[in-house]
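Those sequence lines, one after another, are chains X and W.
Numbered according to numbering that gives the first Met the number 0, the first sequence spans residues 0 to 106.
Numbered according to numbering that gives the first Met the number 0, the second sequence spans residues 0 to 767.
One or more hints might be untrue.
Unchecked claim - Computed beta-carbon distance windows for the label pairs:
1. X/Ala77 - W/Ala749: 23 to 33 Å
2. X/Phe90 - W/Val717: 53 to 63 Å
3. W/Leu714 - X/Ile81: 36 to 46 Å
4. X/Ala77 - W/Val721: 47 to 57 Å
5. X/Tyr12 - W/Val738: 55 to 65 Å
6. W/Val738 - X/Val66: 34 to 44 Å
7. W/Gly715 - X/Phe90: 52 to 62 Å
8. W/Arg736 - X/Tyr12: 42 to 52 Å
9. X/Phe70 - W/Val717: 54 to 64 Å
10. W/Gly753 - X/Ile81: 23 to 33 Å
Stated by the list, open to error - To give an idea of the interface, some chain X residues facing chain W are shown, with a C-beta separation under 8 Å as derived from the structure:
11. Val25
12. Val28
13. Leu29
14. Ile98
15. Asp99
Think of the hints as simulated: they come from the structure by calculation, not from any bench.
Think of the CB as a built atom: it goes at the ideal place given N, C-alpha and C, for glycine as much as any other residue.
The chain contents come next:
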Amino acid sequence: MLNETVFLVPTSYFVILSAVLFSIGVAGVLLRRNAILIFMSVELMLNAANLAFVAFARSLLDQGGQVFVFFVMTVAAAEVAIGLALIVAIFRSKRSTDIDELNSMEG
Amino acid sequence: MDGLFSIVPLIILAPFTGVLINVFFGRKLMPRRDSVAPGVIASSMAGFSFLIAVLMFFALLANPAGAEVPVLTWINVGDGDFTLHIPWTLKVDTLSSVMMLVVTGVGTLIHIYAIGYMHGDIDEKAASRGLEGEEALDFKRRRYARFFAFFNLFLGSMLVLVTANNYLMMFVGWELVGLCSYLLIGFWFDSPEKNEAGQIIGVLNSSAGRKAFVVNRVGDFGMLLAIMLIFWSFGTLEFDDVFARAECMIEAPQAECLTLSAAELAPQGEGEAAAEEHGEGEARALTTPIALGPFAPTLGVVVTAITLLLLLGATGKSAQIPLFVWLPDAMAGPTPVSALIHAATMVTAGIYMITRSNVLYAMAPVSGMVVAVIGGATAFVAASIAVAQFDIKRVLAYSTISQLGFMIAAVGLGGYIAGIFHLATHAFFKALLFLGSGSVIHGMEHGHHHAHGQGEHHDAPHGEDERPFDPQDMRQMGGLRKHMPVTTWVYIIGALALAGIPPLAGFWSKDEILLDASLNSTLVYILLTVAAFFTAFYMGRQVFMVFYGSERTEAARHAQESPPVMTIPLIVLAGLSVVGGLINLPVGGLHPLGRWLEESVANAHIASFNILVATISTVLALVAIGLSYLLYGRKPLEEGEADPLYSTGPVFTFLNRKWYWDELYAAIFVRPYNRLGDFLANAVDWQFWHDFVHDRIIADAFQGWAAILSRPIDLGIVDGAVNGVAQLVESTSRSLRRVQTGYVRNYALAVLMGVVAILAYLAIRFLV
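So here's chain X without its partners, still in its complex pose (with noise of 0.2 Å):
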């Protein structure tokens, strides 16, 4: 169904998106102490991923990628239900999100 008609956009053009995504997700774990929004940064680093996974699936003609991009996103559901519900725990015994007040396993 695609031909030369359709308006192709450079595959670099999501490689560099994906990379832009991935690194707000790396600065976001990096600087925030927030929990949650750490959370929502790794989320955002894994979508990145999965950006650069079809990007590249599609560039290269590879169904790989896409299958690839479905098992990432299951693990990242799992995660979300895993991470959260640690996060709640958390919350409800500190009464707070604060990761740098989570340091009593600190060597």
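Add chain W to chain X, keeping to what the hints say.
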């Protein structure tokens, strides 16, 4: 009759069986305090041995040559030229038969006597230790059984000695009797002799035993050297072979004689005897060289050395100068021990040994002379000491030494028959005198207890007792004739026999010795005659002091006659002392003992009776007894009166102090030895070895090395390495610990930086 010889091992077996019974069951055999079973067993074993000895006597009557009965092979080593073959073979001949009869006969009587005596003695010792009831009974069981075990052991050992057919077995018996002597002298090893003030008087029994043992070691050392020299020179130790080879070597070279044995020689016996007759008188030069390692001395030198070394052994065992000092102290043992071992049997072993070796002594005239002079000198010295003693047993002890000197002098002069004859008669009357003195002591102790009542005499000493009670001190006796008639009469018989009054036993035997001496050596004859004079005097003194006059203490006033178990052996011995001279009566050329001993003693010669010698000795003895009557009998000592001999002043002190012989030995041997021992112990062992070598050198060096090993090496290097590793790990981890902040962001940053680094690396690789 010859088959009868084969039962001779039983003579030794019986006493040893008695030992085993008394050792293992002796105590159980005494249910009550007055039980006598151990003594009866020991006495019946001794009696059985006597029976065997009598049977051997009859067997020898039929066949005077005797027999050698093998029991077992003890040592059998080597082959070819060098063999050492020591059988335990019992030699039954006329000489050993005389010894067997004396040892077992007198031994049996003394065993029987001891049944009664030891009861009293042990009760006395138990009382003096304050033992009562069950304790006293247990004490008595142990001591009574032990005494008879030792006594039987002695009898068996003495029979091992006299029945040996070689020098080594004789030495075994020699040592065994020495051991028994030690054990029995120290029988009361744990009781110091104390007076009522608690001070120790007299010799401690155990140190007396030790003294006897040590002094005897000196003699035994000579004996052992002699035995080794005999084996080295003659290649055998069996008596007959030694003598046969020694005589062979007079004519033939050593090598030809070394294979000779007496059994092969037997057919030539007649010829040899003829040669003996022929050779007598002319002194043969024994010049055959004897190979002894690098040396080759002549036969004469070797035999002289052997016989002198044997003499050293004899001076130890038979208490002669210079080794007699142990015998007086040995009187610390119970009186039956003094009678059996230190008067009648063991101390005669030296005379028996010299008689047994007569062939060797005949070949060494120098040694014979030395033996005779030593015997004569001992007889004289000991008799003079006996004059000035106050202890009833010590007088008899010195008398024994003196009489042994007579015997030694006799065998030294070649009068073997006279020596053995006197040995036998002396065994009778000296055993009698010792047992008699035991009876007196027994009576005195009884009287002491009686006089001082029961129980309170320990803490309430009697005012009239000037000196502490000593049952053996003759000054505290007197007048015992009234209280102890049997003992008195047998004692007087023994004393007269010892003094040499005809026709008692001692007269005949002593006279024969004096006759031999008068024929061979004027010096020895004079010494012996003076000794005989002293003998009669001190026996007279003793009899008058002990049995006559008035009682000088309460103990003597209450003395009691001993029971029949003690007096009957005394009466039997008194009978033997009267008729003992018959065994060698010189009248009409009879000499039964001489004819008997000629069978086994090659150099025996029968002396004829000389009326002059006999008259002189008898007159001297009577004069001496008369003198003792003048001093002690006519006007008996009263209570507290001093001995009339004190008037001789320093002479008496000199004799009373035993010629200062013990002091001399103390100065020459004992003190230097103690000083040497002290020096070795303190200076050499303690200061040098312990303080210097061990502490300074070994211990300090060890500690020094240990200090080096422990501080610099162990603490510095080994521990330093281990601790250094630990510190390194610790400091590293301390600095690394700061990385682990616990902030997830830090870790995430680290991950990021790692990723960046990897990407940078990859990018650089890609681009370059």
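Status of the hints after comparison with the structure:
no., hint, verdict
1, X/Ala77 - W/Ala749: 23 to 33 Å, "26 Å, holds"
2, X/Phe90 - W/Val717: 53 to 63 Å, "56 Å, holds"
3, W/Leu714 - X/Ile81: 36 to 46 Å, "56 Å, violated"
4, X/Ala77 - W/Val721: 47 to 57 Å, "50 Å, holds"
5, X/Tyr12 - W/Val738: 55 to 65 Å, "39 Å, violated"
6, W/Val738 - X/Val66: 34 to 44 Å, "39 Å, holds"
7, W/Gly715 - X/Phe90: 52 to 62 Å, "58 Å, holds"
8, W/Arg736 - X/Tyr12: 42 to 52 Å, "46 Å, holds"
9, X/Phe70 - W/Val717: 54 to 64 Å, "58 Å, holds"
10, W/Gly753 - X/Ile81: 23 to 33 Å, "25 Å, holds"
11, Val25, "6 Å, holds"
12, Val28, "5 Å, holds"
13, Leu29, "5 Å, holds"
14, Ile98, "6 Å, holds"
15, Asp99, "6 Å, holds"
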